[in-house]
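Number of protein chains: 4
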Amino acid sequence: MAMHPAVTRFVPTPDQFAWTFGGCEPAMRIQPGDVLDLYTEDAFGGRIRSSGDLASRSIVYPFVNPQTGPFYVEGAAPGDTLAIHLIDVQPARDWAVSTTVPLFGALTSTKFTSTLQPALPERTWVYVVDHVAGDVVYHALDSDYEVRLPLEPFLGTIGVAPAAGEARNVLVPEAFGGNMDTPEARAGTTVYLGVNVEGALFSIGDGHYTMGEGEVCGVAVEGAMNTLLTVEVIKSVYCEWPRLEDDTAIMVAGSYRPLEDAFRIAHTQLVRWISEGTGLSIMDTYQLVTQASRSPIANVCDANYTIVAKMPKRYLPADVPWMGGAHDRLRRRASTIQATT
Amino acid sequence: MAMHPAVTRFVPTPDQFAWTFGGCEPAMRIQPGDVLDLYTEDAFGGRIRSSGDLASRSIVYPFVNPQTGPFYVEGAAPGDTLAIHLIDVQPARDWAVSTTVPLFGALTSTKFTSTLQPALPERTWVYVVDHVAGDVVYHALDSDYEVRLPLEPFLGTIGVAPAAGEARNVLVPEAFGGNMDTPEARAGTTVYLGVNVEGALFSIGDGHYTMGEGEVCGVAVEGAMNTLLTVEVIKSVYCEWPRLEDDTAIMVAGSYRPLEDAFRIAHTQLVRWISEGTGLSIMDTYQLVTQASRSPIANVCDANYTIVAKMPKRYLPADVPWMGGAHDRLRRRASTIQATT
Amino acid sequence: MAMHPAVTRFVPTPDQFAWTFGGCEPAMRIQPGDVLDLYTEDAFGGRIRSSGDLASRSIVYPFVNPQTGPFYVEGAAPGDTLAIHLIDVQPARDWAVSTTVPLFGALTSTKFTSTLQPALPERTWVYVVDHVAGDVVYHALDSDYEVRLPLEPFLGTIGVAPAAGEARNVLVPEAFGGNMDTPEARAGTTVYLGVNVEGALFSIGDGHYTMGEGEVCGVAVEGAMNTLLTVEVIKSVYCEWPRLEDDTAIMVAGSYRPLEDAFRIAHTQLVRWISEGTGLSIMDTYQLVTQASRSPIANVCDANYTIVAKMPKRYLPADVPWMGGAHDRLRRRASTIQATT
Amino acid sequence: MAMHPAVTRFVPTPDQFAWTFGGCEPAMRIQPGDVLDLYTEDAFGGRIRSSGDLASRSIVYPFVNPQTGPFYVEGAAPGDTLAIHLIDVQPARDWAVSTTVPLFGALTSTKFTSTLQPALPERTWVYVVDHVAGDVVYHALDSDYEVRLPLEPFLGTIGVAPAAGEARNVLVPEAFGGNMDTPEARAGTTVYLGVNVEGALFSIGDGHYTMGEGEVCGVAVEGAMNTLLTVEVIKSVYCEWPRLEDDTAIMVAGSYRPLEDAFRIAHTQLVRWISEGTGLSIMDTYQLVTQASRSPIANVCDANYTIVAKMPKRYLPADVPWMGGAHDRLRRRASTIQATT
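Protein chains in written order, with the numbering used here: chain A, 77 to 417; chain B, 77 to 417; chain C, 77 to 417; chain D, 77 to 417.
To be clear, the hints were calculated from the coordinates, so they are not data collected in a lab. Where is the CB? At the ideal position from N, CA and C, for every residue including glycine. Treat the hints with caution; some may be incorrect.
[Unchecked claim] A short, non-exhaustive set of chain A residues, derived as facing chain C with CB atoms under 7 angstroms: (1) Gln193; (2) His207; (3) Val208; (4) Thr354.
[To be verified] No more than 25 angstroms apart at the CA atoms, straight line, and that leaves these computed lysine-lysine pairs for PhoX-like: (5) D:Lys187 x A:Lys311; (6) A:Lys187 x C:Lys311; (7) C:Lys187 x B:Lys311; (8) D:Lys311 x B:Lys187; (9) B:Lys389 x C:Lys311; (10) A:Lys311 x D:Lys311.
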């Protein structure tokens, strides 16, 4: 009979929400190998539930994207990397919402891309989740059109305490991860984040039931989520920018502005990572990445924009133990857990 | 027995190459409905054929991306839109090349993102095409790694004469199309370009046998191409930015700098187009695009950067005759032609 | 008795206006050393004369910024540089106008920084010129505030035919000069532009009676101008980007997007120019430029944005003959002309 | 006989340096009206003193720009604004240094504008201060050129704890002020910063003896400084972005990326501030700012870039009590202090 780790369930109360990466007391201390079953409230703290609930009335900035955590991982020290394997990411509700938010989003002026124009109208859309069909249902507000979109749940935010003594608002993505809004943060993915403080202090939140690329209006289909995850500490290896790995690809997320700098960060880091892992020269890797990588845009609406550079493993030498083989180890452990839960 | 149009083959001699969009005499006058079978030389004019041929020695700027064309389409007038349907886009050779070019590409300083650093090394990679397997073969230069990448041929450049009396170098993508480097310009796609001058004066070139997103090093797997296409003029409808349509999606290409402006252009245009075509309100469309569109990055290396905003038709009301139903008409005509050629 | 060249007066009729840099037949052929006395119509072709004349009704895009020229300079060949010395730049009227233009300017979304928001209101302000006091008078439209601003006339556009066979709309600044909107293009300045086509084909226009930095709303105090200038051809020296020189400073104008790329171009070029001219090493020049240069923003509203990198001559080794001493030669010639006209 | 406040001298020991804005315990509690005489160590903590001391060997990131402070101002509460009046800013040494830092600065790739190119060479320049002449002396390293640059001392960093629970590294400028690197932070200027936490927690540092615009290589002429300042709390008025005022101008500093967003922030805020202060309509103010404001670039090298929008008071209605007349009050108090110290 296989041994398997206990699963620790944690459902934060509203007063336990974290609103920054860094600068928060840990919600819990865990050991590498522990399995957490975490509830995350939606980006609006569950306060927007009908098309009459508008963001500007329901929410007080900066209390958006409440985080579950942070978690102090025993043994994680600055200079290490934390590997977080997402075993499962499932909607915790049968509804979700999206909104426009005044002066937020990609197709409006914002507080950073500031103009003298008035904000766009504020609206709220409620989505029904059809768990059986694996769909969420979009209803137009101004006409009777409706359509089913695929249920593709992921975590908008996953991050650790930043470097350099910083604490960052939970709306920000950067080198510490955070509000990257990448659909790659889904079940089956391992996220690697460089550890900047003792215990790493990771947290998650901002569950999305589905989203197009770029999170164009600034708000995905936002919903509470249950996430099953486990972690490992990779000692003395430090990821400067978030790396992600699933069974078919390795990825780096770059988050900055302008958008081409996010692209440059992600792809430069990917080239260097592949070159180190495979022994291919930098120039040969630059060429291979040029012809074979994908560059999904995660968001063009946050404090920093995020692009993921993604290389299918099938184009790389086989059997490279990326990040010391952490993903495969975590994947195997996850399969045990899934079988028993 | 079905009637079908004659197919006109055109293979330009080097002195017939066009090097700008706009400002060139037409290579040929055609009628809407004519079918052209066009040869395009590779981006280097066929002058780089081995790893010893370096771009800076083989090419004299701006003589890159030679265009086949331009073609004067009878009846196309300013204010109309030209629909170009790509019936087939096939490699004309069993080899192709890629290179680095000094101070060109996304992961180097360039003549626009100018720094005091020296250029990266100049290298040339030769790819062998395996038509049977549908692959191109990458060989590393500095080690013995090789890998097969999928043969996915498309046209890097497709454009018309620009507005406002401009003539633009063939390395530039903008509202007139041009060097967009989007893999969506493949067989089966219809490209819609607003007509700015009598006859539209479209041309094509810069065939790519395969390419990752972003054309990271600035050069795809470049090869000569044979393209079968036909055109239609949509009277009195003007596309401000290039639109693309295939059987499953409608798209808009935005090309500008910084990269977020390319994103804004593409997605704002897509929202407006869908709203006009479906009767959905702008805000409802903004929401639907947010949750369901894709945003593939085409290039982050050219004079302007290009992003495509892409909406699957399955999320839109059925039976909308996008651009007056031109794509379906052209598709049907193409199927006749393919059957007979 | 000093000999001095004849002065050629040229006042274009509306059908003689040029609307592009490049792609136009020359208005006149001149010899180096000739002195031209040129009339330029205002940016609106003189069609906006009262606060009731709105840009969108009075102007048909792209017919803005009519150019006087182009002038074919005998002996100017690709690879040379044209030195244009502005002897005098004087208002040709006692009034001028400014406006807002829908979706144009720095504090609004535009056709490139595209959003779903409506345009700002369209307004027109008429300025009275007080030649004696050297002022223009601003009147508020919505209240009775008025204030005098200094009359500081300059040419918004000055450029040659672009490289690479391009023709660019007169709203564009780039390596060929064009719509740079820098107040440095004033009386006493020499503008150096690399020659791309036989005869250089330079033109001027878009006179501004005064302007803040950045041309924030996209429109300066626009007025017809009389400009006295003379030119010289510097053989076999090619300025990649526009250089400017007056009695106290040398400058380079960089025009691109994003704005930091304009900054990078201007300052990289300035560092290289100073290093070449003085023998200072690149790193020593980088340091000196860091501590002593100025970086006036010219515009953040055009198709490309423009920044000027400016180094006071007093911080540089004395007696460097910048651009072969052309400015001093032209200045001396100008003083003769001014004395006699 | 005039009463005057006591002057409190504070010289931090190295273990008292603050390395973030926000997230630090106060070094001291003060009352509005108190006068502080503060010593700030140079950006390198005084560790670089000769051309043989290189930044990468002398400094461990992020321990750059040590701050003196933070100071807890009694009575300052979130929603207020802190007015900091710089009475005097004087070099504390007769030497200063500048360096290049690998992958930092405007004319190199950086960790955000990331490329595959190697870093520029690392060098250190030592400047001698001539207090009598009011100069600093630049010596080239690779040749024997030297030149005097004007001694124009200012504080590169001045900031409060950020909003939203953030703590930011001292290299960052943003809405809370911070590493803005604007020469406007000189003797005679009042800096207004919105208060985000009880006590405001302001700090200063990064003294510059002189600097060109843009801080091109990323490092000014860095030196220890003695700063005499006093503060006032403006209750219930909140500056979203840093405002500055001296006897002749009002200003707003915008800090973000890309550089045009810094420009947009600064100028949008300036337009709104002037409109509120004068009763001019937004559109009339937009026009007046367009023709009369200046836009000095502060830095294009930091984590965010900074531009200052600056309007001379002489173009605005007289006797507007900007920020409740705080600058004039503080100026009068300062004149008393200067007379007695």
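(Q) Let's test the interface hint: is any C-beta of chain C closer than 7 angstroms to that of His207 (chain A)? (A) violated, 33 angstroms
Q) Does the structure keep Lys389 (chain B) and Lys311 (chain C) at a Cα separation of 25 angstroms or less? A) violated, 59 angstroms
Q) Regarding the pair Lys187 (chain C) and Lys311 (chain B), is the alpha-carbon distance no greater than 25 angstroms? A) holds, 24 angstroms
Q) Do the alpha carbons of Lys311 (chain D) and Lys187 (chain B) lie within 25 angstroms of each other, as the hint requires? A) The given pair, whose Cα atoms are some 50 angstroms apart, is violated under the 25 angstroms limit.
Q | Residue hint Thr354 (chain A), partner chain C, criterion CB-CB below 7 angstroms | A | Because about 33 angstroms separates Thr354 (chain A) from the closest Cβ in chain C, which is outside the 7 angstroms limit, the hint is violated.
**Q.** Given pair status - Lys311 (chain D), Lys311 (chain A), alpha carbons within 25 angstroms
**A.** violated, 50 angstroms
(Q) Run the distance test for Lys187 (chain A) versus Lys311 (chain C): straight-line Cα separation, threshold 25 angstroms. (A) Violated, because 50 angstroms separates the two Cα atoms, which is more than 25 angstroms.
Q | Residue hint Val208 (chain A), partner chain C, criterion CB-CB below 7 angstroms | A | violated, 35 angstroms
Q | Restraint check for Lys187 (chain D) with Lys311 (chain A), where alpha carbons must lie at most 25 angstroms apart | A | At roughly 24 angstroms apart (the allowed maximum being 25 angstroms), Lys311 (chain A) and Lys187 (chain D) satisfy the hint.
Q: Go through the hint on Gln193 (chain A) and say holds or violated, using the shortest Cβ distance to chain C against 7 angstroms.
A: holds, 4 angstroms
This entry does not satisfy hints 2, 3, 4, 6, 8, 9 and 10, going by the numbered hints stated previously.
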